[in-house]
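**Student:** Keeping their order, the protein sequence lines are chains U, V and D.
Going by the numbering used here, the first sequence wraps up at 431, each residue one higher than the last.
Going by the numbering used here, the second sequence wraps up at 490, each residue one higher than the last.
Going by the numbering used here, the third sequence wraps up at 335, each residue one higher than the last.
Treat the hints as calculated values from the structure; they're not laboratory data.
Treat each hint with caution, since some may be false.
Below are the DSS-like pairs computed for lysine-lysine, each with C-alpha atoms no more than 27 Å apart in a straight line [claimed, not checked]: (1) U:Lys119 to U:Lys419; (2) V:Lys166 to D:Lys307; (3) V:Lys410 to U:Lys226; (4) V:Lys241 to U:Lys226; (5) V:Lys162 to U:Lys119; (6) V:Lys379 to U:Lys228; (7) V:Lys241 to V:Lys251; (8) U:Lys419 to V:Lys162; (9) V:Lys96 to U:Lys228; (10) D:Lys304 to V:Lys363; (11) V:Lys394 to U:Lys228; (12) V:Lys429 to V:Lys371; (13) D:Lys304 to V:Lys166; (14) V:Lys255 to U:Lys282; (15) U:Lys119 to V:Lys366; (16) V:Lys291 to D:Lys304; (17) V:Lys166 to U:Lys186; (18) V:Lys96 to U:Lys379; (19) V:Lys291 to V:Lys379; (20) V:Lys251 to U:Lys226; (21) V:Lys394 to V:Lys384; (22) V:Lys429 to U:Lys388.
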Amino acid sequence: MNLAQVLNGLRDPMGVPFYPWFFQVLMVLTFALHIIFVNLAIGGSFMAVYEHYKKGENNKRLSRFLARSSTVNLSAAVVLGVAPLLFVQVVYDPFWYVSNLLSAWWAVGFLCFVTAAFLALYAFYLKRNPESGMKGFGFFGWLTFGLLLLAGFSMHLLSVQFLEPEKWKLWYLSGNIMNTSGTTVYDFRISRYLHFIIPSFAITGVFMMLYGWFFRQRQDMDKEYLHWVAVSGAKMALWATIIQIIIGFWWLFSLPKNLNFTSNAFLWIGVILGVIFFLVLMAAQKDPEKYAVLSALFAFLAVLGMAVSREVLRMVYLGKFNYSIYTYKLNIHWGSTALFLLTFVMGIIVMAYPLTVAWKLGRYGTTSKEGA
Amino acid sequence: MLYPLFEWHGVGNGMLMAIIATYHILPCHLATGAFWITYVMERKAYQENDEGMLEFIKKYSLLVLIFCFVTGSLTGAGIWYAATLISPRAISGLIHNYVWGWATEWVFFLIEIVTIYTYYYTFGKISRKAHLRIGLIYAMSAWLSMVIITGILGFMLTPGKWSQTGLFFDGFFNPSYWPQLFVRTAFMFVVGGAYAAIVASFMKDPDIKSKAMKVAAKWGLGGLIVGGLFTVWYFTKIPATAKTIIFEDLAFTKTMFEIAIAAGVLLFIYFGIWGFMKSRTAGPIPAIIAMLVLFVGICAGETMREMARRPYLIPGYMYSNQMIAKDMKPKGVKNEVAKFNKEGVLKNYYFAPESVKEIDASNFMAAGRILTKLECISCHTVESTGFFSIPKLMVRFGASSPEEVHDFLDALSDYDYMPPFVGTEKEKRAMAAYIASLVNPNQKADPAWVLGK
Amino acid sequence: MEELEKFGKLATGLMVAWFIVVAGFGIVLSLMNGTFF
Numbered sequence: 060m061n062l063a064q065v066l067n068g069l070r071d072p073m074g075v076p077f078y079p080w081f082f083q084v085l086m087v088l089t090f091a092l093h094i095i096f097v098n099l100a101i102g103g104s105f106m107a108v109y110e111h112y113k114k115g116e117n118n119k120r121l122s123r124f125l126a127r128s129s130t131v132n133l134s135a136a137v138v139l140g141v142a143p144l145l146f147v148q149v150v151y152d153p154f155w156y157v158s159n160l161l162s163a164w165w166a167v168g169f170l171c172f173v174t175a176a177f178l179a180l181y182a183f184y185l186k187r188n189p190e191s192g193m194k195g196f197g198f199f200g201w202l203t204f205g206l207l208l209l210a211g212f213s214m215h216l217l218s219v220q221f222l223e224p225e226k227w228k229l230w231y232l233s234g235n236i237m238n239t240s241g242t243t244v245y246d247f248r249i250s251r252y253l254h255f256i257i258p259s260f261a262i263t264g265v266f267m268m269l270y271g272w273f274f275r276q277r278q279d280m281d282k283e284y285l286h287w288v289a290v291s292g293a294k295m296a297l298w299a300t301i302i303q304i305i306i307g308f309w310w311l312f313s314l315p316k317n318l319n320f321t322s323n324a325f326l327w328i329g330v331i332l333g334v335i336f337f338l339v340l341m342a343a344q345k346d347p348e349k350y351a352v353l354s355a356l357f358a359f360l361a362v363l364g365m366a367v368s369r370e371v372l373r374m375v376y377l378g379k380f381n382y383s384i385y386t387y388k389l390n391i392h393w394g395s396t397a398l399f400l401l402t403f404v405m406g407i408i409v410m411a412y413p414l415t416v417a418w419k420l421g422r423y424g425t426t427s428k429e430g431a
Numbered sequence: 038m039l040y041p042l043f044e045w046h047g048v049g050n051g052m053l054m055a056i057i058a059t060y061h062i063l064p065c066h067l068a069t070g071a072f073w074i075t076y077v078m079e080r081k082a083y084q085e086n087d088e089g090m091l092e093f094i095k096k097y098s099l100l101v102l103i104f105c106f107v108t109g110s111l112t113g114a115g116i117w118y119a120a121t122l123i124s125p126r127a128i129s130g131l132i133h134n135y136v137w138g139w140a141t142e143w144v145f146f147l148i149e150i151v152t153i154y155t156y157y158y159t160f161g162k163i164s165r166k167a168h169l170r171i172g173l174i175y176a177m178s179a180w181l182s183m184v185i186i187t188g189i190l191g192f193m194l195t196p197g198k199w200s201q202t203g204l205f206f207d208g209f210f211n212p213s214y215w216p217q218l219f220v221r222t223a224f225m226f227v228v229g230g231a232y233a234a235i236v237a238s239f240m241k242d243p244d245i246k247s248k249a250m251k252v253a254a255k256w257g258l259g260g261l262i263v264g265g266l267f268t269v270w271y272f273t274k275i276p277a278t279a280k281t282i283i284f285e286d287l288a289f290t291k292t293m294f295e296i297a298i299a300a301g302v303l304l305f306i307y308f309g310i311w312g313f314m315k316s317r318t319a320g321p322i323p324a325i326i327a328m329l330v331l332f333v334g335i336c337a338g339e340t341m342r343e344m345a346r347r348p349y350l351i352p353g354y355m356y357s358n359q360m361i362a363k364d365m366k367p368k369g370v371k372n373e374v375a376k377f378n379k380e381g382v383l384k385n386y387y388f389a390p391e392s393v394k395e396i397d398a399s400n401f402m403a404a405g406r407i408l409t410k411l412e413c414i415s416c417h418t419v420e421s422t423g424f425f426s427i428p429k430l431m432v433r434f435g436a437s438s439p440e441e442v443h444d445f446l447d448a449l450s451d452y453d454y455m456p457p458f459v460g461t462e463k464e465k466r467a468m469a470a471y472i473a474s475l476v477n478p479n480q481k482a483d484p485a486w487v488l489g490k
Numbered sequence: 299m300e301e302l303e304k305f306g307k308l309a310t311g312l313m314v315a316w317f318i319v320v321a322g323f324g325i326v327l328s329l330m331n332g333t334f335f
């Protein structure tokens, strides 16, 4: 049995109920959304506790806002993570399952880390008293951030091991003993890991710019405070993006040469979108509120572009083993596909209602026409 | 082709699933039941301008927000992770049939997230009508997610017409689907009521406490009675082997059934006494004890349901050891058992060391160990501790020599809940030799016997 | 406020409609397959 045959043999004999490219598109799109909210949770929790320890009134207010919004963002990150997790198991099941089985307790650990981070975040948000010496509960804020980094590391190692089927057997076997403990970290790549973590500060920076822009029309909110948040956010986003670009090239040059990824068009599309985002952030420094929505749009496009590059990189890695999702056995079922698509459209419409209510309340302080 | 193994040494892989899945039932049934209760309560509170009740509802929804959306969502994914680690081919099989079912369920999760945060953070800040409506949308969305997952859950015990057609909807709307949906819908009010009772027990004002406790108790009692009736219906739809396993084969599963019934009775008493007679003074301690009783009852009931599926993970298709038992023609799948019996399991296992693929006098213990783990650790342990420890079971069944274990393996599928041994005769003997050594480490099997000379 | 109110009713109505359609289909299929009773 050669590895290509094995990888094919590990695939599910049931086949896939719709065209693989469609699952791939959904997987990449939902991953991009997921990672944006992960970035918001990581950046938000860090900034919440960072600002918590500073002296000013504005710092305290920002800390409180970021702690609260991080709970929502973390929730969104979790629910949005479900989709790419589902789709990766549809078309890349051999790789995902082997990687998880080899480092099983890290997979379980991931859930424990996120749960603990979430609970720590609530402890930090609900229990810390702005009036008191602000000691003690700040610890929970740092705990949240640390646990989220650990969670990210768990996902990271699962993702890296996924790409190295040629090493699986070497990792799993020592003589005639199978390493079934599931505790081992077999591989990771710092440059790749950092490339997913650093953007947390860029995305959170844009989030702060949006905050300053969104609440501008509220009479009951301090304009000077809102502006300060937007300016701080824009600055943080710019610097994080500069560092991110450097790390990105570090990762690129650390890739196996035989992948020829530096000459891959999809990489450069991602890079270009990242650079455009950087340029928008440069322009945004003078008037962050004016550029907030544009920055958000280009942040999304940059992340999406990078998500596409990441998927193409995966295809290149696995292509070396003659693995292609496009050759997955088909057992097309239109009925259930239609069920999902129709439900999704309904879901978007339904969600728009509470989102509109929340939007109006937030932006204008009221949902009624008269107050707007 | 079989995957590498994960092994929770000394405890058992089953325990990973048991802990995560049982726990998950609490937040998920709370999420599905709670907001129907609050919808009715909130409407009444607005009609009567009852600030106290609104205060209660706000506390209750914060509990749902934190408890369900932190631990519920992550243990839900946890079940999925546990299945991945214990039986990846089974979860893969389910996903490759029902991915769009899960994706559809996910849409409802999205709606839930959006509505619950909006509901909580707009409380008292938007019109009453709008707020009620958002709560109602949440309630509907949560319940609809249950409507979907129950299809897949039911499929895992009664695949119904899917076994012939391989079609999504034939498998989804399976024989035990409707009863199970009705049972869970009723029981979600028991969970919702139990949590409402906890929140109520912490309220200081006896008027509010009493009102809230009464509401909690009404929903809880109603859920228990109706759920109990639908459970009877459920039992008429599950296969005969499932009932035999639960009530006759295994003392353990019958006990689980009895514990579940006992828990239900205790909860009935709790709701009756603290919900009505002592509602003004109901304190946290009885409420928390009731919650523990509920948890034990759920543990028992769900364990019983899970055990009933044996020896399959996907009935009629995939055994608990992840091997494909039968052809599945509509999907173009051939059974593996025939091939493994003829050629051997180890020869077809990429992740086996090369040195054991051909069994000989020097490697049969190692081969036996690998085979035992491949075929048994999804449900058993090889240590003397943990879930259904193999050496302990062998002692109980009086099989301690390699020959005795071998005969036991021969007769394995005489047990309703066990898959047959899969592999060649040599592999069976190697496994028998290894298992015998677990019972008696000093025992060394005769290589000549293993190799069948 | 009127539009938001209507939007809210639409959202609620869509979900009810979804359920009726899917459950209706399911009941019919189950009856045909003999899996309902």
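**Student:** State for each hint whether it applies.
**Tutor:** Hints versus structure:
1. U:Lys119 to U:Lys419: OK: U:Lys119 and U:Lys419 at ~25 Å, within 27 Å.
2. V:Lys166 to D:Lys307: Holds - the C-alpha atoms of D:Lys307 and V:Lys166 are around 11 Å apart, at most 27 Å.
3. V:Lys410 to U:Lys226: holds, 22 Å
4. V:Lys241 to U:Lys226: Given pair V:Lys241, U:Lys226 is violated - Cα atoms ~62 Å apart, limit 27 Å.
5. V:Lys162 to U:Lys119: Distance ~24 Å between V:Lys162 and U:Lys119 Cα, so the pair holds.
6. V:Lys379 to U:Lys228: Distance ~25 Å between V:Lys379 and U:Lys228 Cα, so the pair holds.
7. V:Lys241 to V:Lys251: holds, 16 Å
8. U:Lys419 to V:Lys162: With a Cα-Cα distance of about 11 Å, the restraint between U:Lys419 and V:Lys162 holds, given a limit of 27 Å.
9. V:Lys96 to U:Lys228: The hint is violated at about 53 Å.
10. D:Lys304 to V:Lys363: violated, 54 Å
11. V:Lys394 to U:Lys228: holds, 14 Å
12. V:Lys429 to V:Lys371: With a Cα-Cα distance of about 35 Å, the restraint between V:Lys429 and V:Lys371 is violated, given a limit of 27 Å.
13. D:Lys304 to V:Lys166: holds, 12 Å
14. V:Lys255 to U:Lys282: Since the Cα atoms of V:Lys255 and U:Lys282 sit roughly 50 Å apart, the hinted pair is violated (cutoff 27 Å).
15. U:Lys119 to V:Lys366: violated, 65 Å
16. V:Lys291 to D:Lys304: Judged against 27 Å, a Cα distance of about 53 Å means the pair is violated.
17. V:Lys166 to U:Lys186: violated, 32 Å
18. V:Lys96 to U:Lys379: violated, 56 Å
19. V:Lys291 to V:Lys379: Distance ~38 Å between V:Lys291 and V:Lys379 Cα, so the pair is violated.
20. V:Lys251 to U:Lys226: violated, 62 Å
21. V:Lys394 to V:Lys384: Judged against 27 Å, a Cα distance of about 5 Å means the pair holds.
22. V:Lys429 to U:Lys388: violated, 43 Å
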